[in-house]
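Chains as they are written, first to last, in the numbering used here: chain C, 1 to 592; chain S, 1 to 88.
Honestly, the hints are just simulated from the structure, not real lab data.
Treat the hints with care, since some could be wrong.
To be verified - If you want a taste of the chain C side facing chain S, the calculated C-beta under 10 angstroms gives, among others:
1. R221
2. T225
3. A278
4. F429
5. R493
6. G576
It should be emphasised that the depicted structure is a prediction, and the values quoted were computed from it without experimental measurement.
Ideal Cβ placement from N, Cα and C applies to all residues, glycine included.
Spelled out from the first residue to the last, the chains are:
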Amino acid sequence: MDWTLIWVFGTFSLYIGIAIWARAGSTNDFYVAGHGVHPVVNGMATAADWMSAASFLSMAGLIAGMGYGGSVYLMGWTGGYVLLALLLAPFLREFGKFTVPDFVGDRYYSGTARIVAVICALFVSFTYIAGQMSGVGIAFSRFLGVDFNTGIFFGMAIVFVYAVLGGMKGVTYTQVAQYVVLIFAYTVPAIFISLMLTENPVPQLGFLSNLKGDDIPMLQRLDQTVRDLGFTGYLSSTKSNFDIFCITAALMFGTAGLPHVIIRFFTVPRASDARLSAGWALVFIALLYTVAPAIGAFSRINIISSVNETTYVPPANYEGMSTIVSDAGESPSPAWFANWETTGLVAFDDKNGDGQMQIRGPAAPDGLENEVTISNDIYVLANPEIAQLPEWVIGLVVAGGLAAALSTAAGLLMVISSAISHDLCRRTFFKGMTDKTELRVARGAAAAAVIAAGFMGIYSQQLAFVAQVVAFAFGLAAASLFPVILLGIFWKRMNREGAIASMLTGLIPTFAYIWHFKIGAGKAATAEDWFLGVSPEGIGFVFMIAALVVGVAVSLVTKPPPQDIQDLVEDIRVPGTRTSHGIADSGMAPVD
Amino acid sequence: MGTESTPPDRKAYWPEVIRLTLTLLAIWFLVSFGAGILFREFLDQFHIGGAPLGFWFAQNGSIYVFVALIFYYCAAMNRLEKKYRIEG
Numbered sequence: 001m002d003w004t005l006i007w008v009f010g011t012f013s014l015y016i017g018i019a020i021w022a023r024a025g026s027t028n029d030f031y032v033a034g035h036g037v038h039p040v041v042n043g044m045a046t047a048a049d050w051m052s053a054a055s056f057l058s059m060a061g062l063i064a065g066m067g068y069g070g071s072v073y074l075m076g077w078t079g080g081y082v083l084l085a086l087l088l089a090p091f092l093r094e095f096g097k098f099t100v101p102d103f104v105g106d107r108y109y110s111g112t113a114r115i116v117a118v119i120c121a122l123f124v125s126f127t128y129i130a131g132q133m134s135g136v137g138i139a140f141s142r143f144l145g146v147d148f149n150t151g152i153f154f155g156m157a158i159v160f161v162y163a164v165l166g167g168m169k170g171v172t173y174t175q176v177a178q179y180v181v182l183i184f185a186y187t188v189p190a191i192f193i194s195l196m197l198t199e200n201p202v203p204q205l206g207f208l209s210n211l212k213g214d215d216i217p218m219l220q221r222l223d224q225t226v227r228d229l230g231f232t233g234y235l236s237s238t239k240s241n242f243d244i245f246c247i248t249a250a251l252m253f254g255t256a257g258l259p260h261v262i263i264r265f266f267t268v269p270r271a272s273d274a275r276l277s278a279g280w281a282l283v284f285i286a287l288l289y290t291v292a293p294a295i296g297a298f299s300r301i302n303i304i305s306s307v308n309e310t311t312y313v314p315p316a317n318y319e320g321m322s323t324i325v326s327d328a329g330e331s332p333s334p335a336w337f338a339n340w341e342t343t344g345l346v347a348f349d350d351k352n353g354d355g356q357m358q359i360r361g362p363a364a365p366d367g368l369e370n371e372v373t374i375s376n377d378i379y380v381l382a383n384p385e386i387a388q389l390p391e392w393v394i395g396l397v398v399a400g401g402l403a404a405a406l407s408t409a410a411g412l413l414m415v416i417s418s419a420i421s422h423d424l425c426r427r428t429f430f431k432g433m434t435d436k437t438e439l440r441v442a443r444g445a446a447a448a449a450v451i452a453a454g455f456m457g458i459y460s461q462q463l464a465f466v467a468q469v470v471a472f473a474f475g476l477a478a479a480s481l482f483p484v485i486l487l488g489i490f491w492k493r494m495n496r497e498g499a500i501a502s503m504l505t506g507l508i509p510t511f512a513y514i515w516h517f518k519i520g521a522g523k524a525a526t527a528e529d530w531f532l533g534v535s536p537e538g539i540g541f542v543f544m545i546a547a548l549v550v551g552v553a554v555s556l557v558t559k560p561p562p563q564d565i566q567d568l569v570e571d572i573r574v575p576g577t578r579t580s581h582g583i584a585d586s587g588m589a590p591v592d
Numbered sequence: 001m002g003t004e005s006t007p008p009d010r011k012a013y014w015p016e017v018i019r020l021t022l023t024l025l026a027i028w029f030l031v032s033f034g035a036g037i038l039f040r041e042f043l044d045q046f047h048i049g050g051a052p053l054g055f056w057f058a059q060n061g062s063i064y065v066f067v068a069l070i071f072y073y074c075a076a077m078n079r080l081e082k083k084y085r086i087e088g
């Protein structure tokens, strides 16, 4: 426990120190870090911005449970960066403004389009941030022995300092520090566990090897083991290929359309830096994402072999009891299980009353019921203990989880505060606002957003949509924001009418579909009830296609966009040629 | 020496960018949706180390190719910009 405290307070002081050093002096600093961030630094900040508490703590466990089916997250949450680099980031940087609604509103010369984009950005970001805040609360309450709400309060206070003081500038440099903390915390235990199981220190290679002393590959052994216990094989999935295709696509296009990811590419000096930065971001993300499937597979095999068919020893007086069990010639349940039982992340229910722990799948050949429940988060959290690493590594993993949650929360806060101070105040309601006033409003909006996010975290249990962040945030970003940005760059003929029709076509049905099947009346529905057999997680892709078709069709039957807009599109396609164009830039001049 | 060749017409720049982008996106599609999902069962008869090939593409291989694609794109775009004397 003491090590956890040291790590958490050590890293938190570092973040505050950075915040004091990187204060914002203008709106240009506050929204886009003065366009002065080096592409590699921005890549690292983007990686931390991107990898949330869920990526850090839950993803390896999700993959461990789903096997091949977990690939949707691996491909989906990395492939989007190819789209960002090739289709969006450099052109949006060349466009030279502060926010995603800036692009939508100015490219489509429409206040309505701007407002619809603001609604999408706010909904996506609030859904996402509530999950981060509750992650912070959970980490504090489980590992530092403080109350859930107090934990969220700590998290709010720390984000408040660097987001309100430093804006994007403070957020960028704290995210770099947070990346270092989280990647170290993730890979160190993985290396040791890979060494322990396969004698190969590189987890990505250990993934392809045999277990120590085994004559068949680890993955084949794992597949066999889980099948024997009545689970779906590790190398297969119960989902249809079409559904897997749609979910992967929705996650990829959603990644590319997420405002908090896009705005990171506004902080670099030039368009060429934006694409390079996307490459570096993916390198830093891949460091974690290629290790995750190895952690998933190793831990699944490890947990089954160390827990299944052992004699249960309760956490109270573990030492004494386990010696008695061993002396009786039986194998006691492992110490880590007892330790984590007190956190509620693992549990044992002796259904057949034999005192032995049985792990079984739904189709267990011996007909026994499963007695062991294991939270997805345990795969990463318990790794250091399973690999018998020193106690300080466990504290590091907790600090890493907090770094992942706080860095993502900060990036989202920037989207929320700029949507309010920039898109709504300066660009819509109070057009004559000075830069100084806007900066003050931006700080105020960031402060209000921190508090709102904290409350959403506290009430996240009651807010049903928060748990569906994967479906909502990615589905809506893919279906509503991605199509209009893409067409706005690559098709000069795309006009205001087409853009509004396209955004609404993506937004409304996607929202309704996810709401119906995840929260509303269709919650109990099975795969047969789904439209075309597509799950709510993948529906964003279907309506994204619809949004593209509607956008093109409506544009073709209405007036082409004004000449100013067509000139603007010409400019953003060629780096270094951006000049101001009448109505496109009348509300705000482009920033170099 | 001394005489600069005239830069090619900028009108040709954008079609070249589009061609490059579409080629790279085709590879992006093939390694993820192709190798990792649509042709996975066929590819799984081959192995890379101890992992079936299609499964490996879905969990690791596609990510490596994504990284390579972006850096190739950066290099190719820098070449194109030089060719057309564009300074971004």
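Can we keep the C/R493 interface hint, with Cβ of chain S closer than 10 angstroms?
violated (15 angstroms)
Have a go at the C/R221 hint: is there a Cβ in chain S nearer than 10 angstroms to its own Cβ?
holds (9 angstroms)
Are C/A278 and chain S close enough, Cβ to Cβ, to be under 10 angstroms, as the hint says?
holds (6 angstroms)
Double-check C/G576 for me: the hint is only fine if its C-beta lies closer than 10 angstroms to a C-beta in chain S.
C/G576 check passes; min Cβ-Cβ to chain S is 5 angstroms, inside 10 angstroms.
Restraint satisfaction for C/T225 [CB to CB of chain S, less than 10 angstroms]
violated (14 angstroms)
Hint check: 10 angstroms Cβ-Cβ cutoff, C/F429 to chain S:
violated (35 angstroms)
Checked against the numbered hints given earlier, the structure breaks hints 2, 4 and 5 and satisfies all the rest.
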